[in-house]
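Novice: Sequences and hints are given; from them, build the entire structure.
The listed protein sequences derive, respectively, from chains A and B. The first sequence stops at residue 255 when you use numbering that gives the first Met the number 0, and every number in between is there. The second sequence stops at residue 255 when you use numbering that gives the first Met the number 0, and every number in between is there.
Take these hints with a grain of salt, some might be off.
Since the list gives no way to pick out one identical chain from another, each pair is judged satisfied if it fits inside one copy or across any two copies.
[Said to hold, decoys possible] SDA-like mimics (lysine to any residue), calculated; alpha carbons at most 25 Å apart, straight line: (1) Lys100 <-> Met90; (2) Lys27 <-> Ala84; (3) Lys94 <-> Glu161; (4) Lys27 <-> Val60; (5) Lys99 <-> Leu7; (6) Lys100 <-> Asp205; (7) Lys3 <-> Ser151; (8) Lys27 <-> Ser182; (9) Lys99 <-> Gly154; (10) Lys3 <-> Asp155; (11) Lys27 <-> Ser151; (12) Lys100 <-> Asp86; (13) Lys94 <-> Leu18; (14) Lys27 <-> Glu137; (15) Lys94 <-> Ala84; (16) Lys27 <-> Asn87; (17) Lys94 <-> Asp15; (18) Lys27 <-> Ile150; (19) Lys27 <-> Ala152; (20) Lys100 <-> Gly154; (21) Lys99 <-> Met0; (22) Lys100 <-> Ala84; (23) Lys99 <-> Ile150.
To be clear, the hints were calculated from the coordinates, so they are not data collected in a lab.
There are 2 protein chains.
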Amino acid sequence: MVTKDELLEIAERAIDAALPSEGERPSKLVEAMRYAVGTGGKRIRPLVCLASAVAVGGRAVDASAASAAIELLHNYTLVHDDLPAMDNDEMRRGKPTVWKKYGEADAILAADALQALAFLAAARSPRNAGQVVAALGEAGYGVVAGQVEDISATGDTQYIYEHKTADLFVAAAAMGALAGGGSDADVARLRTFALNLGLAFQYEDDLLDGDSPYPRAETERLVADHTAAAIAALDGLPGDTEFLRSLAQRLVGRSV
Amino acid sequence: MVTKDELLEIAERAIDAALPSEGERPSKLVEAMRYAVGTGGKRIRPLVCLASAVAVGGRAVDASAASAAIELLHNYTLVHDDLPAMDNDEMRRGKPTVWKKYGEADAILAADALQALAFLAAARSPRNAGQVVAALGEAGYGVVAGQVEDISATGDTQYIYEHKTADLFVAAAAMGALAGGGSDADVARLRTFALNLGLAFQYEDDLLDGDSPYPRAETERLVADHTAAAIAALDGLPGDTEFLRSLAQRLVGRSV
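Specialist: Here it is in structure tokens:
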């Protein structure tokens, strides 16, 4: 079985390669982008991407550019969500947010640049580049649509969770499966896996934060049901699915 | 010769097709994006893109998705440039800017969504989709790098003009040439054309605004030199270059 450490090493290397080198001009932009993306994060979306390439019978390294792309896209959304005009958050992961450290203008721009670099990385996918980019583009639009719904007065929880959270998981899995050379049926299986994984992840988050829109027992049931649906979707895949299966299981209680 | 009206019609139709339909959910996001992209603009970058497909011997319609992509990307940058944390502009093209009309949060998000949709459109290019996306990604990063340099205290004019302005012209031409099936040599010719066109456009802008960083006579010479270099780069292309030639000529005095 492919190990988490092996996948994390591929992901960190790919993320580093997708960003301009430190000191490259304009150095402030490069510094702000690298600060935003950070190091040593959980990298759950890149892990899902790389393991999806393995699950369809490909090699994790085939999806390395795609795994960097999804992480850059995810991190740009966090930088914009933290802005004063949005959530007005000053701290993230125990450090000052990008706008707090570099100012609003450079935070807006660093995130914009991260989105462009995400698509540039996706386009470098050695297989099915057009489809890999399209999957990222759909999620890149969906995640914003979910956020717009989230900050509106009449936000619909189901819509918000599917788009703001699950779309990036779905894209991660689809991009990995496409980069790994998966069949249409296998890409569809992994999309189903990731949709359910993303929803389980979000409901689990609600439990941990104690702010679920549903009663606790109902939310616990949703976590269990979506975890089971995610795992069931892995049946029939030709490659090693052990990592994805254990990832889904460990998400419950968030021991990942 | 292909006419400007023919190209504009292709561009407007492609831009409309690249955006969600009015009323689609979340309707506020769709409305803000459509407001940002507008209608009846000059669409210079889409025109360069479509005419570049023709210049390499392809059909303008081959580059229709690419032409929408470059316009969406251009418009997202304008929305973010206008924000209070950036230029703090309340009016653009005689109308309230997006943040003034929809609020800062929705303006940030609408522009983010436009960038994602730009790449989604580029990925739909019927030919060379991976390279078309890569050209857009390079320009998408370059235009932000140019803007970061522009708002820094020690901004370098040459760097700013090449990236903030010319990169989008270069991408427009390269994307059109790639979508039109151009050879590497022809794509390179059109990149040279567009770099010079973009610089001539920027210096001409400085003359019109009366805020050139160089003496007026020097700026006039730069406009003339870059226009001549743009037109010279069209030599050797296999297709109809008449439109691009006349576009470069009409840029002087901005009669386009």
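Novice: Evaluate each hint against the coordinates.
Specialist: Hints and how they fare:
1. For the identical chains of this complex, Lys100 and Met90 are intra-copy neighbours only, at 10 Å inside a copy versus 30 Å across copies, given an alpha-carbon limit of 25 Å.
2. Both within a single protomer and between protomers do Lys27 and Ala84 lie at most 25 Å apart by alpha-carbon distance, with minima of 22 Å and 17 Å respectively.
3. In this assembly of identical chains, the alpha carbons of Lys94 and Glu161 never lie at most 25 Å apart, being 28 Å within a copy and 35 Å across copies at closest.
4. Neither within a single protomer nor between protomers do Lys27 and Val60 lie at most 25 Å apart by alpha-carbon distance, with minima of 31 Å and 40 Å respectively.
5. In this assembly of identical chains, Lys99 and Leu7 lie within 25 Å of each other by CA distance neither inside one copy nor across copies; the values are 29 Å within and 43 Å between.
6. When the C-alpha separation of Lys100 and Asp205 is checked against a cutoff of 25 Å, the pair qualifies neither within a copy, at 28 Å, nor between copies, at 34 Å.
7. Within a single copy, Lys3 and Ser151 get their C-alpha atoms no closer than 38 Å, and across copies no closer than 41 Å, so neither meets the 25 Å cut-off.
8. Taking the shortest alpha-carbon separations for Lys27 and Ser182, neither the intra-copy value of 43 Å nor the inter-copy value of 37 Å comes in at or below 25 Å.
9. For the homomeric pair Lys99 and Gly154, the shortest alpha-carbon distance between copies (23 Å) is at most 25 Å, but the shortest distance inside one copy (28 Å) is not.
10. Within a single copy, Lys3 and Asp155 get their C-alpha atoms no closer than 35 Å, and across copies no closer than 45 Å, so neither meets the 25 Å cut-off.
11. In the homo-oligomer, the alpha carbons of Lys27 and Ser151 lie at most 25 Å apart only across protomers (9 Å), although the nearest pairing inside one protomer, at 33 Å, exceeds that limit.
12. For a Cα distance limit of 25 Å, the shortest separation of Lys100 from Asp86 qualifies both inside one copy, at 16 Å, and across copies, at 20 Å.
13. Taking the shortest alpha-carbon separations for Lys94 and Leu18, only the intra-copy value of 21 Å comes in at or below 25 Å, while the best inter-copy value is 37 Å.
14. When the C-alpha separation of Lys27 and Glu137 is checked against a cutoff of 25 Å, the pair qualifies only between copies, where the shortest distance is 18 Å, while the shortest distance within a copy is 30 Å.
15. In this assembly of identical chains, the alpha carbons of Lys94 and Ala84 lie at most 25 Å apart whether taken from the same copy (19 Å) or from different copies (22 Å).
16. Within a single copy, Lys27 and Asn87 get their C-alpha atoms as close as 22 Å, and across copies as close as 21 Å, so both meet the 25 Å cut-off.
17. In this assembly of identical chains, the alpha carbons of Lys94 and Asp15 lie at most 25 Å apart only when taken from the same copy (20 Å versus 42 Å across copies).
18. When the C-alpha separation of Lys27 and Ile150 is checked against a cutoff of 25 Å, the pair qualifies only between copies, where the shortest distance is 11 Å, while the shortest distance within a copy is 30 Å.
19. Proximity of Lys27 to Ala152 under the C-alpha cut-off of 25 Å is restricted to the inter-copy arrangement: shortest distance 12 Å between copies versus 37 Å within a copy.
20. In this assembly of identical chains, the alpha carbons of Lys100 and Gly154 lie at most 25 Å apart only when taken from different copies (21 Å versus 31 Å within one copy).
21. In this assembly of identical chains, Lys99 and Met0 lie within 25 Å of each other by CA distance neither inside one copy nor across copies; the values are 42 Å within and 54 Å between.
22. Taking CA atoms no more than 25 Å apart as the test, Lys100 paired with Ala84 passes in both settings, with 16 Å inside one copy and 15 Å between copies.
23. For the identical chains of this complex, Lys99 and Ile150 are neighbours both inside a copy (21 Å) and across copies (18 Å), given an alpha-carbon limit of 25 Å.
The structure does not agree with the numbered hints 3, 4, 5, 6, 7, 8, 10 and 21 stated previously, though it agrees with the rest.
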